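Asks: Those letters in the sequence shown? Residues 5 to 193, by the working numbering.
It is worth saying that the hints were derived from the structure and are not from the lab. The model shown is predicted, which means the values in this text are computed figures rather than measured ones. Take these hints with a grain of salt, some might be off.
FRET-style restraints, in silico, Cβ to Cβ [what the hints assert, rightly or not]:
| hint | residue 1 | residue 2 | range |
| --- | --- | --- | --- |
| 1 | Gly48 | Gly100 | 32 to 42 Å |
| 2 | His175 | Glu97 | 20 to 30 Å |
| 3 | Gly155 | Glu131 | 20 to 30 Å |
| 4 | Arg45 | Ser108 | 17 to 27 Å |
| 5 | Asp106 | Pro135 | 35 to 45 Å |
| 6 | Leu153 | Gly100 | 23 to 33 Å |
| 7 | Phe162 | Ser31 | 19 to 29 Å |
| 8 | Ser108 | Gly48 | 38 to 48 Å |
| 9 | Ala77 | Arg45 | 24 to 34 Å |
| 10 | Leu103 | Arg17 | 19 to 29 Å |
Glycine included, each C-beta is placed from N, C-alpha and C at the ideal position.
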Amino acid sequence: MILTLVRHGEPVRDATGTVAADPPLSSVGRLQMEAARALVRADGYDAVYCSPLRRARESAEIVAPGAVVRVDADLAEFDRNTERYLHWEDGAEVYGAYLAGDLSPWGTTLEEFRGRVLGVVERMRTEAGVPRVLAVTHGGVVNNFFAMLLGSPQVALFQPAYGSVNRFRYHPEEGWTPLELNASGVRTP
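Full structure from sequences and hints, please.
Replies: In structure tokens form, the structure reads like this:
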């Protein structure tokens, strides 16, 4: 099985009101996802999943137009229950806690988050029953899945770019193998 994890496109910055916790994609984010669509189409997909967060749902609609998308709450980012979305670039102090493995500012623990990530990957692998699965998700999900494959306690081994394509292969005897990380069809400012 090939699992393609795509990070959502860039969300709107400084969203207010009812979208503050779950912002839509920015215009740049939409372009990033159009570029990701070209990369994803090269290998294709048989099943599509996404996080319930708006930026991921909108990204999935662009990357896999017309596909039946299965929404799975466990594909959501560790910050899914916060009142306001904080861009990585804007939250150096609070993201320092994340980099240290402390997810308490977001009401969870690293163990809970990693358990959720492993659980959803295993569900997609067993329930989809197809050779190629596409999941539109978040940087923390991609990073922690990769770190767990390597047996690393670190939460951030690399910075998944907005709209990046990350591919992994599962073999029953060998487990998961990373194939491609941070592939992107577009460079944006």
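Asks: Hints first: check each against the structure and report whether it holds.
Replies: To see whether the hints hold, each was checked on the structure:
In this structure, glycine 48 and glycine 100 meet the distance hint of 32 to 42 Å, their C-beta atoms being roughly 40 Å apart. At about 42 Å, the beta-carbon gap between histidine 175 and glutamate 97 misses the expected band of 20 to 30 Å. In this structure the hint that glycine 155 and glutamate 131 lie 20 to 30 Å apart at CB holds, the actual value being about 26 Å. Taking 17 to 27 Å as the suggested C-beta distance range, the pair arginine 45 and serine 108 does not conform, at roughly 40 Å.
In this structure the supplied range 35 to 45 Å holds for aspartate 106 paired with proline 135, their Cβ-Cβ distance being about 38 Å. For the hinted restraint 23 to 33 Å between leucine 153 and glycine 100, the CB-CB distance of approximately 25 Å keeps it satisfied. Look at phenylalanine 162 against serine 31: about 26 Å separates their beta carbons, and that is inside 19 to 29 Å. For the hinted restraint 38 to 48 Å between serine 108 and glycine 48, the CB-CB distance of approximately 40 Å keeps it satisfied.
Checked against the given bound of 24 to 34 Å, the beta carbons of alanine 77 and arginine 45, roughly 27 Å apart, stay inside it. At roughly 21 Å, the beta-carbon separation of leucine 103 and arginine 17 lies within the given 19 to 29 Å, and the hint holds.
In terms of the numbered hints stated before, the structure departs from hints 2 and 4, listed from lowest to highest.
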